[in-house]
Amino acid sequence: MFQHTRLNSDQNFIQKVKNLDYILLLSIFILSVLSLFVMYSTDGGELLYHTKSHLIKLSVFFVLMLLISLFNIKFWHLISYFLYVIIILLLIWVSIYGIKVSGSQRWMNLYFLALQPSELMKIGIILCLAKYYHRVSVEKVNSFTSIFFALTIILIPIILVISQPDLGTSILIALSGLIILWLGGVKIKYFFFSFISFLISLPFIISNLQPYQKLRILTFLDPDRDPLGAGYQIIQSKIAIGSGGFSGKGFLQGTQSYLDFLPEKHTDFIFTLFSEEFGFIGSTGLLLLYLIIIIRIIRIGVISRNSFAKLFCFGFAFSIFIYITVNLSMVLGLLPIVGSPLPIMSYGGSSMLATMIGFGIVLSAKVHSKQTIA
Amino acid sequence: MIKENFGIRKSDIINRRMFIIGAAKLVIFGGIVARLFSLQINDNKKYLTLSDKNRIREWKLPPTRGNIVDYFGNVIAGNLKVYQLHVIPEQVENFNYLISRLKVILNLSNKRVEKIKNKKKQLKPWESLVVSENLSWDEFSKINNYLYELVGVKPVMTISRNYPFSDIYTHVLGYVSQPNEEDILENEVIQEKFVPGIKIGKLGLEKTLENDLIGVNDIQRYEVNAYGKRINQLEYQKGKQGSKIRLTLDTEVQKLSAELMQGKAGSISVMDIYTGEIIAMYSSPSYNPNSFLFGISQDEWQLIRNNPLKPLINKTLSGLYSPGSTIKPIVALSALENGIMGTNFKVQCKGKMELHGQTFHCWKEKGHGWMSLNNAMKQSCDTYFYEIARKLGVDKLKVTAERFGLGKKVLGEYFENEKAGQFPDTRWKINELGKGWVLGETLITGIGQGYTQTTPIQLCLMTAQIANGGYKIKPKILTDDNQLASEQVKKAMQDSKINYFYTPLYDDQKNIKIIQEAMFSSTNELYGTSYKSRIDDPKYQFAGKTGTAQVKRISKRERELDLKTFQIPYEERDHALYVAFGPYKNPRYALSIIVEHGGSGSSTAAPMATKLFKLIVDRHHYRKQLSDYKEFNI
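Quick mapping for you: the protein sequence lines, in order, are chains A and B. The first sequence: position 55 = 55 (my numbering), numbered continuously. The second sequence: position 215 = 215 (my numbering), numbered continuously.
These aren't lab readings, by the way, just hints derived from the structure by calculation. Since we're looking at a predicted model, the values are computed, not measured. Watch out, some of these pointers could steer you wrong.
Pairwise CB distance ranges (calculated) [what the hints assert, rightly or not]:
| hint | chain 1 | residue 1 | chain 2 | residue 2 | range |
| --- | --- | --- | --- | --- | --- |
| 1 | A | Phe191 | B | Asn232 | 52 to 58 Å |
| 2 | A | Lys370 | B | Lys45 | 51 to 57 Å |
| 3 | A | Asp260 | B | Asp480 | 53 to 59 Å |
| 4 | A | Phe246 | B | Lys240 | 35 to 41 Å |
To give an idea of the chain B side of the interface with chain A (calculated C-beta under 7 Å), a few residues [to be verified]:
| hint | residue |
| --- | --- |
| 5 | Ser11 |
| 6 | Met18 |
| 7 | Lys25 |
| 8 | Ile32 |
| 9 | Leu36 |
| 10 | Leu39 |
| 11 | Ile41 |
| 12 | Asp43 |
| 13 | Tyr47 |
| 14 | Asn54 |
| 15 | Asn225 |
Listing some non-contacts, in silico: residues in chain A with all C-beta distances to chain B over 10 Å [said to hold, decoys possible]:
| hint | residue |
| --- | --- |
| 16 | Lys16 |
| 17 | Tyr49 |
| 18 | Phe62 |
| 19 | Phe71 |
| 20 | Phe75 |
| 21 | Ser104 |
| 22 | Thr152 |
| 23 | Ile205 |
| 24 | Tyr212 |
For each residue, glycine too, the CB sits at the ideal point set by N, CA and C.
Between the sequences and the hints, there should be enough to build the whole structure, so can you do that?
Listed below in structure tokens is the structure:
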């Protein structure tokens, strides 16, 4: 069956390579190289574990992305549900056999990589719902069964991820899913009313939060409440970014990170280090790079002939945007601290794997932009 | 075809909704850029400061104290290089092994080892642990020999206070030691400069002039990480040694005073009668201030504390004594000034005097016969002074006594533990004791017994002000060229300017002359009480007045026994006093000598003056050669 799908493509290998989006590829490449330099800085200017590991993962996943791009978009459409189910099964497996780190059971040990299935679900949910809305006819989009089905697809992974517990990732999965519903044509008033009811139920949600999650929200509202405890991360992060100034302290000169004042500088707070060393110029530059990536992805969606590719590209572009926004707002003190990595920049294999798969499928959509899917 | 239409409609919806989201994205990205701008451009300075505050830590080092020098510039409180042994625990592989090695090499006691181990627990592993504060050169070189096997051990050379003249200046200078909580709370300057290992003045001038002597800390600026560990040194800011303080004291005279007082309790003070400069000020017995630098041992402390001669008391300023007959010049002066008597006034001494049924004895049981003022002073006839005191009254006597400095602190701004003593009058007794004054008390006040309490420095000042022709002086122990920060001492030095203005304390200067002559007779004429101690050479010739202060009432039986000094128990023996000034022809110096339980003033105290005046006058020759010498001719 797979064979059949691949043979169905009317392009040969050379044509496919020619059809890749080189601006997008170049942007991703620049981002990857940048992330290596920043990782090198978090290691204190030495070629240590994090840098090496990041380099290996980048290389492997970059190749994986190119491989994925060569597969016909029809193929990804075909296996979307299958992938979704596989990831759900992985999430269930993790909830039983997963590795527990600081009270949260999210990882499965693959020896070369501690895989976090919830990260993969960020892509999985987009694939699954893109296929679903590709197939549902416009008239039926707002029918009860259709919405119920779509919400169920979103809810299953969310429940599994929340119970890990991992609030941050589950929110990102929910947002990635909901955006497809939006793009698919679910009525605006539904979004409006569910937003209102979300606000109303917010107090109940908060009262059911884990104590550490509540603390994070309190700390967000007033970081100086406990400057050496919960507020420490936000305060130190703001100091690092603020002290970077217009042009930054210079590569490897970020005192806040170099002297260990920054917590989790490899992962969620990588932007802080980047911003401290490269300043306002560097930060807006990085933001611009991300913007170019997002715009290129959207462009690919626009030129795609089939709704599946469109939905996926737009959904993925939105996800990338959400990851960046949540991560930056967090380190800039605009949102409470929810564990959320910065795509490609942050250390962490699962997030990078998911992002690269996403890029791969987007590139596949570009290569096969004229492909229609019945 | 229909399907294709559907397709187009669907992609329309998707595209339209995409662009709504797209617009929202741009707005949010704009918000993030704005936030970045606010943090990095607007508040950059604020966060840069916070970041520096995070990473830069200052380490203050103990400042170097200023030297204290005597009048001739000899260092009497200086600084010495000392060798210390520090251990950096984080560099040590096996701490217990290292300590046991050091224990052998340095011969440390078990108690000391325990202390070191306890101290280690309170420190962060990268902070230096002081194993020994003061190594001898031998120990220091021994450690250096073993250094290759003692990893983590750091021999350190640092600076410590040193008193080269050991105990002769203790009561003037005081000593330094580690500050306690109270010291730190009391003095803001210490608060600011405090670092572990700093030594501050605990007593005497070291304490009073703390803010001048303390100096400015060396500062090391380090970059530290989030855990406070030093990463690298950014800057070394050299501090400043504390101000040099020059005293008016003469080490040679001070040394002789200490020598004369060897084995005795008491005090010697010497003063320039015009400038008010203290030439010597020694309280006996003394103790070695160097013992306090690194914490005195219990044994040594107990020895000092329990010494019956009370070395901890600065007797010159805080010892209260009945002046005995040394008060007589003031009594006579008061009588003259108040017109109670003329120079030809005579009293017949029969060895005792009866008043309201009470008997008042003269020291000479047989009596002196008819006494003039000069004779009475010369032979220290008590009956004569009973009589003039009775005629004068205690209230008038007090006015004169106070004018000449009795009952008031002399160097209070310089020494916090000085006592004022007291000179009684009728009002004082009512206020303090709630009883009326009895005439008999006037009589004994007239011979310096009773309620009168004076300090040796007061008697010295009193004598100086008689010697200089009756002019007020404010004594000082610092030379005028000191640049001072300590406000109260600065003010006291200002007050000493009065010494150059000849403010008279007399009503008629003739009277002062009469008293001076009487004191001359007392020392230089036959039958004078200190005749034996006189010096005939006019270069050294001095005039003085002996005093023998009873410490307990002599019973009738004891009077009949007429015991020799050595036959009386130590605590019951009389205090021996002597006040004098010289050279008589052109006086310049006054002194007071007090030997506790020394017997009589003429036998114990006056002979010391002989030796002192020889040296003082000789030393005057050297004093004269210094640039700040001032000539006085009255």
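What hints, given by number in increasing order, does this structure fail?
-> Of the numbered hints given earlier, the structure breaks none, since each of them holds.
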